[in-house]
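Novice: Each chain is listed here by its residues.
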Amino acid sequence: MDIEKANDTAIERMMESRPMLIGMGVARDVIPGMSDDLLMHAGPPITWARASGPMRGAITGALIYEGKAKDMAEAQALVESGKIKLEPCHHHHAVGPMAGVTSPSMWVYIVENKTHGNRTFSNVNEGYGKVLRYGAYSEDVQERLHWLNDTMAPVLAKAIELSGGLDMRALIAEALHMGDEGHNRNKAGSFMYTAKLAPYVAQAAPNSELAAQIIKSLGDNALSVLNPVMAACKAMAETAHDIEGSTIVSVMARNGTDFGMRVSGLGDRWFTAPVATPQGLYFPGFSEADASGDIGDSTITETAGIGGFAMATAPAIVTFVSGKPKDAINATLEMYEITHGEHKYFTVPPLDFRGTPTGIDIRKVVETGITPRVNTGIAHKDAGVGQIGAGLVRPPFEMFQEAFMAYAEKYGFA
Amino acid sequence: MEFIKTEIRSGAYYDSVVLMHLQRSLLELPGVLDSGVVMGTDANKEVLEQSALLVDEIKSAGADDLIIVVKGADEAQTTSAISRVDELIAARRGGGIEQDYRAKTLDTAAKMNPAAQWVLVSVPGRYAAGVAREALGLNKNVFLYSDNVSLEDELSLKKEAAEKGLLVMGPDCGTAIVNGVGLGFANKVRRGAIGMVAASGTGLQQVTLRIHQMGGGITHAIGTGGRDLSEAVNAATLRQALDALNRDENTKVIVLLSKPPSPKVAADIIGAARKASKPVIVNFIGYAASMRQVDNVTFAATFDETAQLAIQAEQNPQAETQELNLARFAEGQRYLRGLFSGGTLAYEAQLILRDYLPAVYSNAPLDKALSLPDPLVSQENSIVDLGEDVFTVGRLHPMMDNDLRIRRLEKEARDPETAVILLDVVLGYGSHPNPASELAPAIAKARAAAQEAGRYLEVVALVAGTDEDPQNMDEQIRLLKEAGAIVEVSNDVAARRVGRLTQALTRRGVNPTAATNPPVALQTLNQPLAAINVGLESFFEALTAQGAEVVHVDWKPAAGGNEKMMDILARMKSKK
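Sequence lines, in order, name chains F and G.
Here my numbering is used: the first residue of the first sequence is 1, the next is one more, and so on.
Here my numbering is used: the first residue of the second sequence is 415, the next is one more, and so on.
FYI, nobody ran anything at the bench for these hints, they're computed from the structure.
A couple of the hints might just be wrong.
Said to hold, decoys possible - Derived PhoX-like pairs (lysine-lysine); straight-line CA-CA distance at most 20 angstroms:
#1 Lys689/G x Lys666/G
#2 Lys987/G x Lys410/F
#3 Lys326/F x Lys525/G
#4 Lys978/G x Lys410/F
#5 Lys114/F x Lys344/F
#6 Lys196/F x Lys216/F
#7 Lys525/G x Lys344/F
#8 Lys187/F x Lys216/F
#9 Lys666/G x Lys5/F
#10 Lys196/F x Lys158/F
#11 Lys83/F x Lys70/F
Fair warning: this is a prediction, and the values are worked out from it, not measured in the lab.
So that you can see chain G by itself, here it is in the shape it has in the complex (with noise of 0.2 angstroms):
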């Protein structure tokens, strides 16, 4: 038995659309056989017809009438159908959950996200270097979290990167902050002043919780990937990250972080985190640093350390950073002579310039191959020592006797290629009873001469004695000062001060490698993050719970992985 229930509703307009959905949706009820949704229109009851469904009720039906048929096996399922008509359709009205567009391409997720600068790769390893080319061929940044990426590929895409400004964390990178923005695992650390870049992802995680823990924060903890220190690679990630933390003027204190490094690399590394402006904190695991501290650079041996130094770095910061000043300079000047009267003080002086410069020659050196032939000639850098035997034969010891030293000021401040000269002014008991009193008059005059000749000279002197001492330290000082000298106190920081120095006029006018290649922009990590997400929808979704403005790639290998046709299309495109 077959029951056919009908209803006409007039003046009911919907769209013919929305009405096979609503005979679909009958369709799916309990009991329907048939079922049909149409405006009264002739073709439509037509159709009606052909179906068996135009039974004499709805004949009458106009074009402006909406008829309601459904065919059911049993009466009441039939009557309940026709009677949910309107539940059916506003539930279509309910409308549900609806889905943004999700980008298939890079290109596409590009223009949906124009203020994009990050790029996070994710996808399986053979496909990230293409995908991370692809970025960088947009101009983006690159998170690379992937791994199994081909050295050689890491090797092109930072070159690639270098040479457009551009920064690639990774590959194998799994954590960075970018502006308080958590890429990757990260945890949810305090802004702050201290920067990092970190070639060890727990090690940054570790580092910065720490940081945040002991009530510290962090501007950008930068990853480079495993890779980053080893020789081939070059710390290329690392040097690009410092650079541009040194010129960010919210990170007041830099953290370096790596796996162990290669010794070359991480010795070239820490040359270069000397030239921050800014202290920084090196935590190389299991590299020997000689000392503790060298300039800006302290070193740290446990993750707790590091964060502890960089929170003491920022709380404390130095001292006016030394002002070089080199433009005073004449092309020529270049070298550092230190004439000493006190023999360790002048062994110590050679120890720390060994930190900045390559070769310090010495009528009394550390090592015998950089012995000055002729103790009574400068040659390069040189410090003197004038209290060994070859000058004391016959004459009194320097710290008495100021007339050996006083010559030998004005010989090395003739040399047109004289930049700084270091001397010690030895106080106390037994020594000369007013040295300042010779030797200032001589620092002016050598000083003058210099300047008349068209150069700048810088004289260092490193008073050693205490206020108590007879020749009064202070009257000293202010002798010395008055002279054009600068006065240090402490050998070691009078020997560091000339160094930084006489290191810088030896690089001047040598353009570092690096400097051929445009500077990472810091709007790069300054700017609110915007970012592409190829690869695990996680990293989409941490992304979005951060504020970040993020749009997903729905990615897919190109070509399904058919190897042979994506060959082809990487011809094509490296033909454009």
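Just chain F, same shape as in the assembly (with noise of 0.2 angstroms):
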């Protein structure tokens, strides 16, 4: 076994991904195994118990969205029951940012990878503010969600169909160009995917005065694309997994209390450790104690090779960690000190069209002590607050270090 040929095919079988945005559905219709007593959410798997409470919050948004729960209590009680079970989104080719809770009746983007033909999904972008995803499940919310998904969704899923797609891995690689990194900057990003739309918005939607409200919540939401980015970074980083003797994690994401990940090489065992609380700016009134753990399938983007790893494309957000430009630079660079290759298709400007840092490599990690950099949105740690602020964070280094043992068990090197 060559761990460097393994750690090649998993990029290169990453890389040469083609995520299409080729259309939308009900959760419970395209995605496998979902079911109506289940919810999917971010991270590796959680309990009630151990939920945070950003989580409980949106998996009682959910619940009351669904027409099960009420209030809290009731919800508790269904998923302490066994009723209404919880499984990772990544269980079912799936991701969802901060909580991630998605639940039968929602509609997901699909996302179908046309070099290797596997689909993946992600619910849709609520925008800023007090949403489910950050734990906010107020009346206001749910309204929110049901316009979200019963008159927009189906809409847009036509307007998607009638584009005939989006090339998600070009719509990226402009986006790094015109100052996004992909997961906390997805402001270009959106504006084109705004711009791809409209047209065919306009056909679909059955007023003008719809396809108008539609257009302008496209528009005005600056993630409005950051859940199919995440689609897409999931459709390219699944496909590097389960490469016998590769070193690549190809799967980052935390529930708000733990941390996971999954390597390449090791099957589908997740490797955790209790989350960081980000570093970061914060909203009017709130402070690092407010902030929850951190939580969210958005580090998908850094496991693709963008996001926190794409940050000198993004010199404008550099001041979430009260830095300088070149703070920017110096954050892409740290990077590739534990990734295995450079991207061929998402390219920094700045660093003269260098590919960005792509392919996690746990090896490298664990010998250099530089644990990947994750750009974040920050939770309130109550449930229903929302989000209080952005900023940067570092998955614990104990899971690497965890991973890195347990491969060199299996494969003989220990």
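Need the complex rebuilt from these two chains, each delivered in its own frame; the hints are there to steer you.
Specialist: Structure (structure tokens):
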């Protein structure tokens, strides 16, 4: 077995993936293994007892949305009794930002990898402020969810079909040249996404009033493309999984309590460790003391070579870490130390169009002590409040050490 | 009492992150309880409302308006805070110290500075060999400052380096000068024509700085580490460096410097130095040289003397170096035959030849073990004293009668193993009145015969006389030269000349062991110095100050020094 070759294969498969946004569907109809008694959530597996505030809030909100619970007590009873099961999105080829809770009736994006044929899914982005993914579940949150799913999604689904599909790899590559890094900053990507779909939304909508509302909703939300981007990253990253002997990370995800990771050559085992609290900037009235532990599947972007790894493409947000523009460059340069290769299609203009650092190698993380840089939103620790800031976080080092030792044992290096 | 001050700026766009930062800066001002700096979107106004900051004055702000709200306990402080917004924004824009990326691994540093030929390693000893090995793996030369590197590691590093044509200076190498740039601890020394190899850090510094003070200059001063001249290491680095300096056109004089070396290694190195085509000044502290000078090698006892001799050698380059032209000789030709009429001249020739040849037989040997069994028959290298009693019974001394020598000359010339014939021509009162008139035709004949047999015969004649001697020394020399002999007037010079030639013929076809390894590429030394520094930051700063292209590695032990994981990593790497 040749580790380098295995890793070459893993990142080659990842980079040559061509994720296309081909449509939308209702989760229970399109996601393999989705059932009416199941909620998918971000990160590695979690129980109600260990779930963080935002996760509990999001579960509650989703069960209210499904008409199965009226409040958190009822939601808790359903989950703890086992009547409602919790499973990671990643067990279903899906990803969701922050709490990532996706229920059977919710509409999801469908991304198909034209190179390898795999399909991945992600829910619809709700915008900023008090939203389900940050654990808010009040009536206005429910209302917005209903509008997004019941009113907007069917039109958007038709529009995507009319468009013939969106090449997400091309869209991400272009957005990186427009100041996005694909995780915390998706402004350019969201504009492009809106601009590409607007004509088809106009065609698909039953009336111009609704068309205008949908286009405005997409255009106002600088994160509207985040969920398709994440599904695209999942479509790319999962092709790097299960390569015998590969030390490349194929999943990184957090549920607010644990950071979880899977490694290509180590099967479906989750390596987990307690999450850290992000360092960053807070909205008025909030501080680090209010912050939830790190949460969300959006680390799939870093897994696929963008997000914090492409920080150099997004100098505008380097102030999240109270840095200078050069710190953005340095952040990306640091990630080359722990990655196997450089992306063929995602390039960094200020680094002379060098490819983004791609394919986290657990050996290099353990050797250098450098953990991946993750750009992230920050949720309030209490259910129902929502987003309170954004910043930077790193996964726990122990998790990489544990995976490294597991690898050494499995492959006879111990 | 709480005071809220607000400001709305229309048409001013700032990235939300800049605004969040500004807000934090406001919060740090004295007396500020809370603040909000946001664009006036509905979502943002809702956030302000949650924090009870959405006062009436700002409710009308639109999505393109910048809202600034400050809540304070004191009116003056609150007003002061909001008045400082522009200052705070400007402070951010002012930038500040921007730091270049610091590589965390050697791999990354090598990518950042692909021109780097050298890696300076000054990490703690137990990690140093690993870093040096990584550097060799990247085909870089190593300046290994770290001490406490085991002898086994030194041996394996130097072996790997030699196989790759790379240099490992050290371990425990404190100083070196490469192409005018000091590595480690080094004085600022003038560029010049003196090259140095030193197994002594302070020695290297002392000699280079004295050379500078005396007006000379340095091409390269290569450190080897203190153990290089031990028997175990066998001068692995010094040999490579000596060879490189010998090939380096800019280096006119070579200095070899060492702490007390292994005598065996020292002798071997002096042998190697004598093969150099340049003057070599040797200062091996405590090494007792049998003479002050051997060929191109001069021995110095002190640092000062070393510096002086080096400068002298540079200023008075030796006369043209001997052209050996071994190709002229037939394959079997390899021995020297000396046919002397002067007994002590024969002795001295044997003495001098000890520097060149393992054994010279004689009928009048310095060492009884080298006695010729039969004085009439030469064997291998031989010096025959034809003035010995055995030859002079019933005939004149060969200084007066050339007959015996001519017959012996013819005999030696017929021997296919003979390559060089050395003979003395002693002039003066009492000697033959015109020896060359007899010897010259014999020499010409012998050489012609050899040539006919497909060989080349070198004849060296030592003419011992003065220009006032009755034989007419000039005429004697002319005759001998015409016959094809090489004429010398000093026994020492003549003996060394044949010694060098015979030594070279003996070694012909024998591959020196080092020749299997590639030589150190001269670009290593002569390209503008570019390096990677792993360890002491002061070395990085010193190199930068000297204008070298350097990348510093923010080095940490692999796996945080966890030995178990380091071992596993090493195993994984070796499997590559």
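Novice: Run every hint past the structure and note whether it holds.
Specialist: Evaluation of the provided hints:
1. Lys689/G x Lys666/G: 15 angstroms, holds
2. Lys987/G x Lys410/F: 17 angstroms, holds
3. Lys326/F x Lys525/G: The given pair, whose Cα atoms are some 19 angstroms apart, holds under the 20 angstroms limit.
4. Lys978/G x Lys410/F: Since the Cα atoms of lysine 978/G and lysine 410/F sit roughly 16 angstroms apart, the hinted pair holds (cutoff 20 angstroms).
5. Lys114/F x Lys344/F: 17 angstroms, holds
6. Lys196/F x Lys216/F: Holds, at roughly 13 angstroms.
7. Lys525/G x Lys344/F: The given pair, whose Cα atoms are some 18 angstroms apart, holds under the 20 angstroms limit.
8. Lys187/F x Lys216/F: Since the Cα atoms of lysine 187/F and lysine 216/F sit roughly 14 angstroms apart, the hinted pair holds (cutoff 20 angstroms).
9. Lys666/G x Lys5/F: 50 angstroms, violated
10. Lys196/F x Lys158/F: Satisfied, since the Cα-Cα distance of roughly 14 angstroms is no more than 20 angstroms.
11. Lys83/F x Lys70/F: Holds, at about 15 angstroms.
Hint 9 from the list above is the single one not met by this structure.
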